[in-house]
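**Student:** Chains A and B are the protein sequences, given in the same order. Residue 354 in this note's numbering sits at position 354 of the first sequence; the count goes up by one each step and never skips. Residue 800 in this note's numbering sits at position 371 of the second sequence; the count goes up by one each step and never skips.
Note that these hints are calculated values from the structure, not bench results. Mixed in with the good hints there might be a few duds.
[What the hints assert, rightly or not] The calculated lysine to aspartate or glutamate pairs, modelled on EDC-like cross-linking and capped at a C-alpha distance of 20 Å, are:
1) Lys-215(A) x Asp-234(A)
2) Lys-720(B) x Asp-35(A)
3) Lys-3(A) x Asp-866(B)
The structure displayed is predicted, hence computed values, not measured ones.
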Amino acid sequence: MVKNIRLINPNMVRVDGYFYSFNEETDVMIQKADDGTLAFAYPLDTTISSEINSIEHDGESFWTMEDISGTPSAGFKIRRWVIENFVMVLQATFTFASDSNDTFESDAFTVEHYEGTLTSGAVENTTTFNVSFDTDVFALLTPGTKMFIGPSSKVGFVGEEESVTVNSTGAGNQVTVSSPLSQGYVSGDKVVFTKNLWFFSQNFQTTLGVGALYKASALDGSILSRTQGGAFIDIEATTYHELDSFTGSLATNNKPYLVFIRTTNLLFVDVLNSNLPIELSALQNNLSADTTEVFPVFDMGIEGETIFRLQQKFNINGQESTETTFNYQLATFVPFPTAISLTATPAILPADSGASTSEIVATVTDQYILPFVTSPASTIQFSTSGGGTGSGLSDTGQIALDGNGQATVTYTTGNTAGLVTISATVTIA
Amino acid sequence: MPLNVRLQDANFSKGPDAGFFYSCDFSNQRLIRVQGDGTFAGGFPVSRSTFRNPITELHFDGTFFWTLEDLPSDLGIVVKRWRLFPFPTAVFPAVVPFEFRWFDELTLINGPNMRWSSNAFAIEHYHLEFDGTFPAGVNTIRLNDSANVSPGTKLYLGPSTFGGVVDNEEEIIVLGVNTITHDITFGKSGGLENSYGSTDPITLHKSIYIFNNNSFGGDDNGNGALVNFAYPAKTQNFSDIGGKYGGVTAADFHESLLSWVKAFQILEILITNPTFDLSASQESNLVEDDKNTLITVFDMISDLDNLQYLKLQDRETTEALATGALTTTTFATFNFQSQPTPSFVNSVAMEFEPNRFLLPFPDSNTMNITTHVRDQFNFPVFNKTVQWSAQINALSDAGTIGTLNPDQAVTNTSGIAETVYTPSATPNDIILDITADVL
Numbered sequence: 001m002v003k004n005i006r007l008i009n010p011n012m013v014r015v016d017g018y019f020y021s022f023n024e025e026t027d028v029m030i031q032k033a034d035d036g037t038l039a040f041a042y043p044l045d046t047t048i049s050s051e052i053n054s055i056e057h058d059g060e061s062f063w064t065m066e067d068i069s070g071t072p073s074a075g076f077k078i079r080r081w082v083i084e085n086f087v088m089v090l091q092a093t094f095t096f097a098s099d100s101n102d103t104f105e106s107d108a109f110t111v112e113h114y115e116g117t118l119t120s121g122a123v124e125n126t127t128t129f130n131v132s133f134d135t136d137v138f139a140l141l142t143p144g145t146k147m148f149i150g151p152s153s154k155v156g157f158v159g160e161e162e163s164v165t166v167n168s169t170g171a172g173n174q175v176t177v178s179s180p181l182s183q184g185y186v187s188g189d190k191v192v193f194t195k196n197l198w199f200f201s202q203n204f205q206t207t208l209g210v211g212a213l214y215k216a217s218a219l220d221g222s223i224l225s226r227t228q229g230g231a232f233i234d235i236e237a238t239t240y241h242e243l244d245s246f247t248g249s250l251a252t253n254n255k256p257y258l259v260f261i262r263t264t265n266l267l268f269v270d271v272l273n274s275n276l277p278i279e280l281s282a283l284q285n286n287l288s289a290d291t292t293e294v295f296p297v298f299d300m301g302i303e304g305e306t307i308f309r310l311q312q313k314f315n316i317n318g319q320e321s322t323e324t325t326f327n328y329q330l331a332t333f334v335p336f337p338t339a340i341s342l343t344a345t346p347a348i349l350p351a352d353s354g355a356s357t358s359e360i361v362a363t364v365t366d367q368y369i370l371p372f373v374t375s376p377a378s379t380i381q382f383s384t385s386g387g388g389t390g391s392g393l394s395d396t397g398q399i400a401l402d403g404n405g406q407a408t409v410t411y412t413t414g415n416t417a418g419l420v421t422i423s424a425t426v427t428i429a
Numbered sequence: 430m431p432l433n434v435r436l437q438d439a440n441f442s443k444g445p446d447a448g449f450f451y452s453c454d455f456s457n458q459r460l461i462r463v464q465g466d467g468t469f470a471g472g473f474p475v476s477r478s479t480f481r482n483p484i485t486e487l488h489f490d491g492t493f494f495w496t497l498e499d500l501p502s503d504l505g506i507v508v509k510r511w512r513l514f515p516f517p518t519a520v521f522p523a524v525v526p527f528e529f530r531w532f533d534e535l536t537l538i539n540g541p542n543m544r545w546s547s548n549a550f551a552i553e554h555y556h557l558e559f560d561g562t563f564p565a566g567v568n569t570i571r572l573n574d575s576a577n578v579s580p581g582t583k584l585y586l587g588p589s590t591f592g593g594v595v596d597n598e599e600e601i602i603v604l605g606v607n608t609i610t611h612d613i614t615f616g617k618s619g620g621l622e623n624s625y626g627s628t629d630p631i632t633l634h635k636s637i638y639i640f641n642n643n644s645f646g647g648d649d650n651g652n653g654a655l656v657n658f659a660y661p662a663k664t665q666n667f668s669d670i671g672g673k674y675g676g677v678t679a680a681d682f683h684e685s686l687l688s689w690v691k692a693f694q695i696l697e698i699l700i701t702n703p704t705f706d707l708s709a710s711q712e713s714n715l716v717e718d719d720k721n722t723l724i725t726v727f728d729m730i731s732d733l734d735n736l737q738y739l740k741l742q743d744r745e746t747t748e749a750l751a752t753g754a755l756t757t758t759t760f761a762t763f764n765f766q767s768q769p770t771p772s773f774v775n776s777v778a779m780e781f782e783p784n785r786f787l788l789p790f791p792d793s794n795t796m797n798i799t800t801h802v803r804d805q806f807n808f809p810v811f812n813k814t815v816q817w818s819a820q821i822n823a824l825s826d827a828g829t830i831g832t833l834n835p836d837q838a839v840t841n842t843s844g845i846a847e848t849v850y851t852p853s854a855t856p857n858d859i860i861l862d863i864t865a866d867v868l
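Use the sequences and the hints to build the structure in full.
**Tutor:** So, in structure tokens, the structure goes:
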């Protein structure tokens with residue numbers, strides 16, 4: 001049994017150690033601890049009639065997606081909410097109703113948002129400050145962009161937060177906002193801003209069942225782009241995440257991604273590239289033990305490098321279970337070895353007592369099907385059986401994997417003909 | 430929940446006799462009085478009106494009982510004011526009540542633009558006291574507070590503790606108020622009918638709050654509205670629309686604090702706040718042991734002088750202190766569960782950094798564990814000792830648990846306590862359950 005957060009609705013987001021989920025029957029957003037204990041509930045100031053398909057959190061606001069009606073192809077609504085005085089207060093509703101241009105049908109959306117820090121203290125009653133982001137997204141801070149600052153660490157303002165509107169930007173990552181700050185902040189305090197909404201649709205415009213990824217403005221909900229693609233069909237779980245899990249030569253993969261689950265793969269779209277390439281794919285274990293059934297993932301949350309997949313069916317160490325409630329199964333962005341391939345060249349040798357050799361190459365790959373590379377380097381150890389007297393490997397100790405996740409040894413023949421088995425075990429550094 | 434008041438009807442209140450609970454018995458058309466253990470201690474048949482439907486809520490303002498019921502044929506709702514009758518007066522002293530007499534009502538009829546659907550209401554009322562001893566015949570008395578008193582306000586005086594007129598009651602209508610001395614004058618012919626001792630009680634009621642499940646546009650959209658009617662004028666003072674007012678099943682009023690149950694929470698508003706922002710919200714143990722199913726509160730008492738709410742329920746979830754195991758018990762009757770208002774630890778959540786996965790095992794890597802401790806108001810709890818423990822999950826391969834250092838720490842002002850997990854030297858992949866308990 002996998003019972004942890006025990007949600008009754010297939011929507012979830014994780015923020016600061018708690019799980020949040022919307023429930024349309026009681027019209028509240030519930031806040032739960034890891035074991036499903038109800039920590040708190042926030043009444044919605046505007047009631048909802050349909051089940052929420054997906055939730056996102058952009059650092060300030062909660063965002064929800066719900067169908068307009070009982071007919072999914074009729075379209076959906078994306079809403080933005082904030083917590084004010086213990087109540088979820090609706091800030092905006094963007095309705096994507098099917099029309100002559102688009103047949104909207106979606107179960108998954110996310111909010112493109114970026115988190116950075118103040119690099120100079122933003123003083124109360126001023127309009128200018130400087131910011132820094134892990135990724136170079138400063139150019140996205142166009143006039144009109146909403147930015148959320150805080151919580152403040154400045155004495156006298158500790159814990160205070162506020163929302164501002166960007167008026168202009170300047171050299172040195174300087175931001176000028178449209179109205180003076182009401183609170184004071186210090187360097188290092190958090191800033192976040194939201195740029196676009198991304199949602200998956202079963203349909204591209206009015207062409208049904210072909211899959212599409214739509215981009216819409218987070219300010220007004222206007223559609224900014226439509227991209228057709230079979231990879232975008234049947235998507236139920238997605239989120240936005242700035243990946244920071246790769247090291248060494250693979251560190252170029254560390255950047256913001258639209259992350260979504262397509263069957264058993266976590267796919268990563270670089271939305272800062274106008275071609276929207278899928279740049280990474282990570283295998284997930286939402287699969288039955290006999291590998292014949294893919295277990296649906298209904299929503300997903302992120303905490304650091306941990307992924308929380310919201311599921312009803314689970315396979316943990318080969319033990320399957322089905323729950324009546326929705327619970328999470330963990331996964332990680334951190335690369336870990338999932339496969340070792342061994343090649344022997346040549347693969348067949350005469351039993352000539354050391355006269356012949358074969359080059360044995362081990363290639364270790366991770367869940368991204370990328371070479372498993374760590375810093376410091378992880379090691380691999382080869383072993384062999386069979387081959388008779390005199391057979392053996394050139395190195396049976398721990399051998400460092402190279403930048404391609406590979407290590408090579410030489411097998412030397414013995415005097416006994418027969419099957420030789422060579423094994424390898426990875427030890428992660 | 431131990432069975433306590435064991436009521437057949439889903440309404441209750443306190444009343445004129447301390448230590449007893451009262452409930453409207455629809456089947457027998459009476460108000461019953463029970464002890465805290467459910468022992469029947471008297472019944473008062475209704476007079477001058479009847480219950481046409483089961484009473485959904487019952488309140489007591491210090492003098493009068495108030496009931497809420499649906500009108501027949503989906504006509505709307507009605508709030509009725511009742512009193513145990515007769516009560517001792519100067520004219521008829523030493524009487525005891527034998528009936529539950531109707532005095533007045535506010536009837537709200539469904540119309541083309543407004544539909545009433547309510548399970549909760551509250552009476553804005555205040556408890557005052559005499560500030561000094563006042564003999565019969567005077568036309569001026571001094572109160573301990575006059576903030577809610579103005580010319581025209583009707584005050585209900587007593588029961589008196591003054592020798593010779595003990596338990597007598599009467600009512601007066603205020604003519605003038607001195608807001609500094611809290612002296613009030615009234616125009617009663619012959620002055621006070623009874624003498625009163627210092628701190629003898631005085632009550633007044635000012636308005637009725639109705640939680641309507643429909644918005645004021647009349648749609649049955651569940652958005653809800655809080656509607657206030659002046660009383661006894663019965664004119665609508667104001668309304669506020671919002672989801673926090675929809676689906677409310679219980680409410681009560683205590684010293685300017687309007688409280689109600691919405692889903693899993695008890696919400697509060699200070700009615701002196703014109704913005705209707707909540708002043709507090711507390712998670713109120715209204716979840717079954719499946720950690721999902723809502724437990725309905727049918728009526729509530731704001732017993733805030735005793736730092737608690739009393740919630741009338743037919744189910745209750747309790748936690749075994751030793752194990753933390755939850756058990757939900759369902760009862761054939763309605764009983765109350767206490768919800769304390771002083772802060773207590775209500776939830777514990779953990780964050781793991783850098784990752785819930787430690788790669789590799791073993792390694793010099795460590796995992797920082799941040800534990801958040803919050804109370805029922807969702808506020809951080811300071812200075813609580815958190816103890817961490819770890820065990821191998823049942824679905825895990827065999828392995829060796831690492832260490833948690835420290836294994837105990839005290840929460841800071843942000844309600845946070847931290848520890849570090851270091852994996853064992855055994856190179857096995859294991860699934861580990863790390864638990865934080867607040868001591």
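**Student:** Now, for every hint given, state plainly whether the structure supports it.
**Tutor:** Now for the hints, and whether the structure bears them out:
For the hint pairing Lys-215(A) with Asp-234(A), the CA-to-CA distance comes to about 17 Å; that is within 20 Å, so the pair holds. At most 20 Å may separate the alpha-carbon atoms for a hinted pair to count; Lys-720(B) and Asp-35(A) meet this at roughly 9 Å. With a C-alpha separation of about 19 Å, the suggested pairing of Lys-3(A) with Asp-866(B) holds against the 20 Å cut-off.
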